[in-house]
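2 protein chains.
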Amino acid sequence: MRAEIISVGTELLLGEIQDTNSHFLASRLPAMGIDLYYITVVGDNLERLKEVIGRAYGRSDLVLITGGLGPTDDDVTREAIAAVLGEEPQVDGALAQQLRQFFASRGISFPERNLKQAWLIPSAVPIPNPWGTAPGWWVEKEGRIIVAMPGPPAEMTRMWEEEVAPRLRQRGRGEVLVSRTLKTLGLGEGHVDELLGELTRSRNPTVAVYARADGIHVRLAAKASGVEEAQSLIAPLEEEVRRRLGPYIWGVDDEALEAVVGRLLREKGLTLAVMESFTGGLLADTITNVPGSSAYFLAGYVAYQPEAKAALGVDMELIRRHGVVSEEVAVAMARAARERAGAHIGVGTTGVAGPDALEGKPPGTSHIAVDYLGQVRTTSYRLYQGRLATKRRGVTAALGLLWRALQEVS
Amino acid sequence: MRAEIISVGTELLLGEIQDTNSHFLASRLPAMGIDLYYITVVGDNLERLKEVIGRAYGRSDLVLITGGLGPTDDDVTREAIAAVLGEEPQVDGALAQQLRQFFASRGISFPERNLKQAWLIPSAVPIPNPWGTAPGWWVEKEGRIIVAMPGPPAEMTRMWEEEVAPRLRQRGRGEVLVSRTLKTLGLGEGHVDELLGELTRSRNPTVAVYARADGIHVRLAAKASGVEEAQSLIAPLEEEVRRRLGPYIWGVDDEALEAVVGRLLREKGLTLAVMESFTGGLLADTITNVPGSSAYFLAGYVAYQPEAKAALGVDMELIRRHGVVSEEVAVAMARAARERAGAHIGVGTTGVAGPDALEGKPPGTSHIAVDYLGQVRTTSYRLYQGRLATKRRGVTAALGLLWRALQEVS
Numbered sequence: 013m014r015a016e017i018i019s020v021g022t023e024l025l026l027g028e029i030q031d032t033n034s035h036f037l038a039s040r041l042p043a044m045g046i047d048l049y050y051i052t053v054v055g056d057n058l059e060r061l062k063e064v065i066g067r068a069y070g071r072s073d074l075v076l077i078t079g080g081l082g083p084t085d086d087d088v089t090r091e092a093i094a095a096v097l098g099e100e101p102q103v104d105g106a107l108a109q110q111l112r113q114f115f116a117s118r119g120i121s122f123p124e125r126n127l128k129q130a131w132l133i134p135s136a137v138p139i140p141n142p143w144g145t146a147p148g149w150w151v152e153k154e155g156r157i158i159v160a161m162p163g164p165p166a167e168m169t170r171m172w173e174e175e176v177a178p179r180l181r182q183r184g185r186g187e188v189l190v191s192r193t194l195k196t197l198g199l200g201e202g203h204v205d206e207l208l209g210e211l212t213r214s215r216n217p218t219v220a221v222y223a224r225a226d227g228i229h230v231r232l233a234a235k236a237s238g239v240e241e242a243q244s245l246i247a248p249l250e251e252e253v254r255r256r257l258g259p260y261i262w263g264v265d266d267e268a269l270e271a272v273v274g275r276l277l278r279e280k281g282l283t284l285a286v287m288e289s290f291t292g293g294l295l296a297d298t299i300t301n302v303p304g305s306s307a308y309f310l311a312g313y314v315a316y317q318p319e320a321k322a323a324l325g326v327d328m329e330l331i332r333r334h335g336v337v338s339e340e341v342a343v344a345m346a347r348a349a350r351e352r353a354g355a356h357i358g359v360g361t362t363g364v365a366g367p368d369a370l371e372g373k374p375p376g377t378s379h380i381a382v383d384y385l386g387q388v389r390t391t392s393y394r395l396y397q398g399r400l401a402t403k404r405r406g407v408t409a410a411l412g413l414l415w416r417a418l419q420e421v422s
Numbered sequence: 013m014r015a016e017i018i019s020v021g022t023e024l025l026l027g028e029i030q031d032t033n034s035h036f037l038a039s040r041l042p043a044m045g046i047d048l049y050y051i052t053v054v055g056d057n058l059e060r061l062k063e064v065i066g067r068a069y070g071r072s073d074l075v076l077i078t079g080g081l082g083p084t085d086d087d088v089t090r091e092a093i094a095a096v097l098g099e100e101p102q103v104d105g106a107l108a109q110q111l112r113q114f115f116a117s118r119g120i121s122f123p124e125r126n127l128k129q130a131w132l133i134p135s136a137v138p139i140p141n142p143w144g145t146a147p148g149w150w151v152e153k154e155g156r157i158i159v160a161m162p163g164p165p166a167e168m169t170r171m172w173e174e175e176v177a178p179r180l181r182q183r184g185r186g187e188v189l190v191s192r193t194l195k196t197l198g199l200g201e202g203h204v205d206e207l208l209g210e211l212t213r214s215r216n217p218t219v220a221v222y223a224r225a226d227g228i229h230v231r232l233a234a235k236a237s238g239v240e241e242a243q244s245l246i247a248p249l250e251e252e253v254r255r256r257l258g259p260y261i262w263g264v265d266d267e268a269l270e271a272v273v274g275r276l277l278r279e280k281g282l283t284l285a286v287m288e289s290f291t292g293g294l295l296a297d298t299i300t301n302v303p304g305s306s307a308y309f310l311a312g313y314v315a316y317q318p319e320a321k322a323a324l325g326v327d328m329e330l331i332r333r334h335g336v337v338s339e340e341v342a343v344a345m346a347r348a349a350r351e352r353a354g355a356h357i358g359v360g361t362t363g364v365a366g367p368d369a370l371e372g373k374p375p376g377t378s379h380i381a382v383d384y385l386g387q388v389r390t391t392s393y394r395l396y397q398g399r400l401a402t403k404r405r406g407v408t409a410a411l412g413l414l415w416r417a418l419q420e421v422s
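Top line first, the protein sequences correspond to chains R and S. Going by the numbering used here, the first sequence opens with residue 13, and the numbers climb by one from there. Going by the numbering used here, the second sequence opens with residue 13, and the numbers climb by one from there.
Just so you know, the hints here were simulated from the structure itself, not pulled from any lab data. Every residue gets a Cβ at the ideal spot worked out from N, C-alpha and C, and that includes glycine. Hints are supplied without guarantee of correctness; some may be wrong.
Computed from the model, here is a short list of chain S residues facing chain R with C-beta under 10 Å [to be verified]: (1) Y49; (2) N57; (3) L58; (4) S117; (5) E124; (6) N126; (7) N301; (8) A323; (9) L324; (10) D327; (11) I331; (12) G354; (13) H356.
With a straight-line Cα cutoff of 35 Å, these simulated DSBU-like cross-link-like pairs (lysine-lysine) come out [as the list claims (entries may be wrong)]: (14) R:K128 with R:K153; (15) S:K153 with R:K153; (16) R:K235 with S:K62.
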């Protein structure tokens, strides 16, 4: 089934709000066997909307529209669909009554202009929207489907999950696409490619390698006539990929590194403390985003100044000798964090967040250390793409180093 | 100038990543007098990309393309533009040399397939991309402009700000839309509405009120033939809004609360330290997102456990008496942060990040204190919409309280 998405709203074109609806819908289609070819964002303009819907209706089996179902003159999605299909909107008695009741139940008088939310055309059936006043439209004509849903994300996602997706699944013919992402750390993209070798030429399932912020991802994707069949195509391939990359794989699909690290700490009964310089609290923040992290995360210290580091137990003489931005100081911070908090593991980060240099060291210079009961690992690198990216990269590197250390703790 | 945006990438259509580039670009165009009519997302498919670029080139003065400039066979934006314009890509000697140097400087051997990133067509001039290997293309032909930029957001936004926007501004004509957002704290939406009164019925400029995470925003927007004229429409209105809301306005436009607070701290020569419980490091992280924050931010402590709080100077007896989640402990944390770091101001946060209750207190319970040389302010509230939202709201509340305290320091 060939699909496209149309997002309607001048506020999207003005950049006032981000269109998250298209991304949501796009992420839901592959497993339903629906191929998405285009996403188009267009304003509240009848002529342009007619043109865009007309082209979509001409070339796609399924057109998913969000937005433009409000009660004002600017909301023209209904008019545009009617015009493309050459049909005439009429007020539907049952819908009008529901609408009046919706307002009455809230003690608000019914604005007559809202009656357009009770419109239907002969090819459309209404889709219930208990969270708002605009019902959706399910339109079928000439073997094609147009679905119009409201723009507010909460109303749209509910209507999709409860009403639209189930109907589309019933017609599911055609192939589904199921994917499985294995996330690795510790190997470069080229090295992963090399280890995967001939597997990357596999056609179904396919194997693709992506460089992402949290390491190299290997994505396995299979097409089949059903989800289970697709999964059974992926399973042996996943086993083979795990055989080759096993020690480097830290998680799958939507798993986050901080959640995986947290699970390992819990399982092993270990506690953690961190001392941060250039990551400025983002490491502690990321660790504490995980529910239940208070079970293993004892304390974090953000020591932005040399004096603050010294006050927390980092030797001032060491700082003088090597500079604040040094592997030696990262190691001392990791140890100080661990000892001060009475934790099993300490992590230290020192570097130059930028935009200015520090101690003559350029922005992006980064040193990270993990101290597990005196056993120390470090990583150092330099790369600069702005202050926030430097902090984020430092946190990923720290969590990666921590994950690696936890692999070797039995 | 009529513009449209094309975002290229199969991963966008598969819903694997959200297209943030289009939103970024859309938000930048109104003030430049550029009208955006369409955003189209299309996959890494030469035929469909040619069709989409061809249609855009036929109907728009400016076509902004992001993505598809990588070195692989899947990256076909260059091929598609060349085909639409009927031109032939050629390796550019100077670009090829730069590219080889980029790899050599990183000690990586140059993969010959990357040479396609040194392609040009006769109508294109390269746009520098110091943060990546793909230069952009600035294409002019038959009075129209096509700009191709790389897909990674960091590279794209830098190229836009430094290279593309300045060139487009030189050609600006047409009606511009200029907006000015005044950001307030301390008043509810209804109260702001009330104080603005008849102003909200103004037509040009318009006045709109939005409830946002960092307070109530008042957005003034004017259309005119030039930026200065639009600004002169806004100025008297802004003055009137400031007369009515003055003491509650903390910033304008893209200013962030942490940057405004940082500027005040710098101006007044004050230093800051924080001790966090339920915000888990996000407060320190947010403060240190501001370049130059090391001038006033001395130290942050994330004390997730009662023992960690006690070790940092919070009276254990106080914790026992009032519980960790209490206004009293927030106050003690603020003082302990200030004293321990030797700062003028200390901030303390304690609460229940959730999802579970703590000490019988429900998720979302929040206590925040600011201690300025012994003068203490606090705020307490309860609202739960998930763990991350609770942390974020706590940080905004802490920065707001800090801003309010700084208003009264002379």
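Hint check:
no.	hint	in the structure
1	Y49	holds, 7 Å
2	N57	holds, 8 Å
3	L58	violated, 14 Å
4	S117	violated, 12 Å
5	E124	violated, 14 Å
6	N126	violated, 12 Å
7	N301	holds, 6 Å
8	A323	holds, 7 Å
9	L324	holds, 8 Å
10	D327	violated, 17 Å
11	I331	violated, 15 Å
12	G354	holds, 8 Å
13	H356	violated, 14 Å
14	R:K128 with R:K153	holds, 22 Å
15	S:K153 with R:K153	violated, 42 Å
16	R:K235 with S:K62	holds, 27 Å
Checked against the numbered hints given earlier, this structure breaks hints 3, 4, 5, 6, 10, 11, 13 and 15; the rest are met.
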